[in-house]
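> In order, the protein sequences belong to chains A and B.
The working numbering numbers the first residue of the first sequence as 641 and each following residue consecutively.
The working numbering numbers the first residue of the second sequence as 3 and each following residue consecutively.
Hints are not guaranteed to be accurate.
[What the hints assert, rightly or not] With a Cα cut of at most 30 Å, we get these calculated DSS-like pairs of lysine-lysine:
| id | chain 1 | residue 1 | chain 2 | residue 2 |
| --- | --- | --- | --- | --- |
| 1 | A | K765 | B | K47 |
| 2 | B | K70 | A | K810 |
| 3 | B | K97 | A | K1149 |
| 4 | B | K70 | A | K1111 |
| 5 | B | K227 | B | K202 |
For the record, the hints were derived by calculation from the structure and aren't laboratory data.
Values in this document were obtained by computation on a predicted structure and should not be read as measured data.
Next come the chains, spelled out residue by residue.
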Amino acid sequence: MKGYVEWVLKYRVAVITLTILITMVAVFQARTIEIIIDPGKIMPQSHPYVATSTKVEEIFGSKNVVVIGISPRQGDIYQPVVLEKVQRMTAAILTVSGVVKENLLSLSARRAKNIVGTADGLEVKSLMATVPTTASQMSALRDAVDNNPVYLNTIVSADAKTTAIIVEFKDAPGGYRDMIKKVEPIVERERDAQVDITVGGLPNFLARIEIYSQRMEFFLPISFLILSIVLFQAFRTKQGMILPLITAVLAVAWGVGVMGASGVPMDVFNATTPILILAVATGHAVQLLKRYYEEYYRLRETTQLSPKDANREAVITSLSRVGPVMIAAGTVASLGFFSLIVFDISTVRTFGIFTGFGILAALILEMTFIPALRSMLSPPRDRTPSMRYKQRIWDRITNTIANWATGPNRNRIYIGFLLFILVSAVGMTKIVENNSVKKYFAPDLSFQNDDRILNQSLGGTNTLYLLIEGKVDDAIKNPKTLQAMDDLQRFLEEQPGVGKTISIADFIKRMNQAMHGDKPEYFTIPKSQELISQYLLLYSMSGDPGDFDSYVDYDYRLAKLTAYIKTDSTAYIEELIKKINAFSATHFSDGVSIGIGGSAPQDAALNDTMVQEKLLNIAQICAVVLVISSLIFRSLIAGVLVLVPLLIAVAANFSLMGWSGILLNIPTSLTSAMAVGIGADYSIYLIYRLREELRSELNEEAAVRNVLRTAGEAILFVAVAVSAGYGVLLFSSGFYIHMWLAILIANAMMISALSALLLIPALVLTFRPKFIYPPQH
Amino acid sequence: MNRKFTPSLNIILALAMSLLAQPLLAQEAEPDLLSIMETNFSVSKVIGSTSDATFTLINRTGQERVRKVFGTTKLEDNEIDNMRMTRFLSPPDVKGTVSLLIEHADRDDDIWLYLPGLKKVRRLVSSNKKDSFLGTDFSYADVIGYKVGEWNYKLLKEETIDTQPCYVIEATPKTEAVKSNTGYSKRISWIRKDNKMTVKSEFWDENGQMLKTSTFNDIQLVDKKRGNWQAMRLETSNVQTGHRTIIRFENFKVNQQVESKYFTVSNMERD
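Pulled out of the complex, with its shape left as it was, chain A reads as follows (with noise of 0.2 Å):
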């Protein structure tokens, strides 16, 4: 090693060089990344709801679905005034690119038809081809609403407060917020005294976490000065601040160039992974420059060293003593990483891939640049006697630590833990899993506002797809399965939260009463499956070639029944689902089968996932850290000795979303990823320094003092710096991934360095393990 550091001084130069031309090339590969938020990112694909949603969404459409609800202040929507905007919207919308024309449903949209029986047979027209201007027209309409019941609730809510047009795009490069974008001025047109005008859809949100996940722009600098005036007020050089900062930045810089080197997509979900990749490389970087200064002040107080001489020998030690730790520590940490390759949420993934090699840039960095750059740098002045033996906070801090775990009741500190342990095991039972983006956000915030109203006043703002599917062509055809349809939706407008349903049996029903004079009795799906085939085809007679193609497929062997939701609720989902399977098990004939899918569902999907992946993602990190620590120290013990505080931190992650109500999805559940990938650093630094002076030093104590005043106190530098540098994401105002991302990492980063600090020493003087006490020859 020392070697190795005397080879990295001679060709300095070059190796900055090369650094610093590294650097822009990922720095040029990082423009071609694209930042993107793409739900299925984040969905586990082959779950069978979501594997039915995308399936849904390829044949019938009905992805990225916008609402716009229209509701007057006085009166209800049957007033020119309403309806006029909403022929003026319908028009606008159409010119708009990237809606797909023939999906557009609204009062005024070609699509809605109106479905009249007469005396000698059937009108099919337009359910609002002008506004009505007469007190007869008006009332006609009225008449076709109610008389059209897949109207109801849909684009008119049962009260008629409201209508609504509903919007579907196509998938787009410029993302949700473009969506949004170029809706909002239609919608800002129409906005007056006369009416409240909301706007709802997932899109919505979507593009809502684009724009707020924008505010890192502002939070970034920020943080970072905060992150740099702890490591100056810990070091106490601008060099201490400086120097960790550079390796920070150019790790993330060099992960984020690999990335956009290899294509991988940023997703929203990854914006926050640098703040990782940055604690980590803090903490590697502060380890080796507090262990650089300890060696630098030794050798000018106890040799005749020039500063410039010192400093270089300093820089040879320190990277020689620390190197193989900060390796060993970053082996562990992004083996953990990349083992997450294995999972099937997309996001996870690239979390994983994009952290490792974070890490592994950080550790080249630390291992050359930072050396090199170091030994160029102008040595730092002498201590004064006042500073050499003043304690500073961290010094108490340290100090205390090593007074419990050195001192006759070490137990206690077992204890406390054991007490941690069971408060955090009660907390993580009340852990609620909410995967709905719609917490995502302060529910005060006006589109949540909007979402409420348009929730409250049609169906539901969440859906829940139906895909029924035949062996044969035809198979939809069939009166038993549109029966079967039929009495599902009954079975599903019965249960509480279920606003509306709508399928293609609908439209048959009302093709049957229509021809049969508009008699009630009638509105029932006909015994014969000709009969059925000929009122298709009239239907088709009379409207457009694509009028149905959102609720069954060209060849009438798949349909889509859709069902709205008024609750995001998870548990909610899971028990209608259950009611569904039970329904379908015995009303649907063989050969026909029932998908699931949509937007509560795959919530659902991911909650299922997640439980399952989550705990088993950090059993995989934690199983490579074990394993791989145990292998480098040569010792299970050691393996369990850097497993410990991590699980610890872990418990507290959990315990406290329990104990707080902060939602576990995916962005919270990053977080105790971080926990596992900082605590192992923190404990490997600790045994490492242990066993070196342990080795050396004859009295325990001193031994122990000495580790938590020197790798220690980097460690409370670190773990201080870090969270309050991202405690100014907690001022990210209604956008609560921020805030519990403050909240989260600060403590992940404050109990991994505790328990690394309280439990460590104490437990390697309780037990004394031979990899650390050699056996007495």
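Keeping the supplied structure of chain A fixed, place chain B upon it in accordance with the hints.
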């Protein structure tokens, strides 16, 4: 100063006049668009016909619905409107369904339907002229033809399509009403110079966005005496929905002396 300019101004004016005169002269040789459109409108109005037709509807993903029908038509005395009786032969579940369409260029068409499953003839009231013709990508207006006097025409260029020299004529609706009735803000037609048959058309929707393209192939002279031509293969693609329709005629025969009384509701229920 002024005096100095006067003669030169005269020269400029003279030059300008001569330049202007050239296109004026050329326009005289230019085709009479209105008469082209008149012929185009009437050229395929056969006096009466019988034919087998296959309607193939193809959706965005390439799935097909194929319907075979036997059709009978008779031109009414106004030489504009047709009566059309269409019997569905397949698929089996709609076999025996019959539609009777009496076109009315001025108002909604009359449509009657006989559904064998219901054993009843029902009258179907729908059809704006812009609505789909029998569930195809053609509209009723596409089938009946567009009233020549309601559109403004512009010759864009001349172009040869499949060895046939064509006029490329742009038609725009004279009034908002025409636009909203037909659903088109613009049509461009490639019209054969020899027989004035349309071989290709492009359509723009009311919002000015491209809507459909149509092609008319296998154009045959079906009535020498009257000079009627008929395209045996018609295809329309909706570029917005990705949906396509192909209509293929076989055994197309004119002058069948079909009688008007054939086109009655009571005749629909007969096989």
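> Are the hints correct? Go through all of them and say.
Cross-check of the supplied hints:
For the given pair, K765 of chain A sits about 29 Å from K47 of chain B by alpha-carbon distance, which is consistent with the 30 Å threshold. Among the hinted pairs, K70 of chain B with K810 of chain A is inconsistent with the structure: their alpha-carbon atoms are about 34 Å apart, more than 30 Å. Only pairs whose Cα atoms come within 30 Å are accepted, and K97 of chain B paired with K1149 of chain A is accepted, the gap being roughly 22 Å. Pair hint K70 of chain B plus K1111 of chain A holds up; C-alpha atoms about 25 Å apart against a cutoff of 30 Å.
Pair hint K227 of chain B plus K202 of chain B holds up; C-alpha atoms about 25 Å apart against a cutoff of 30 Å.
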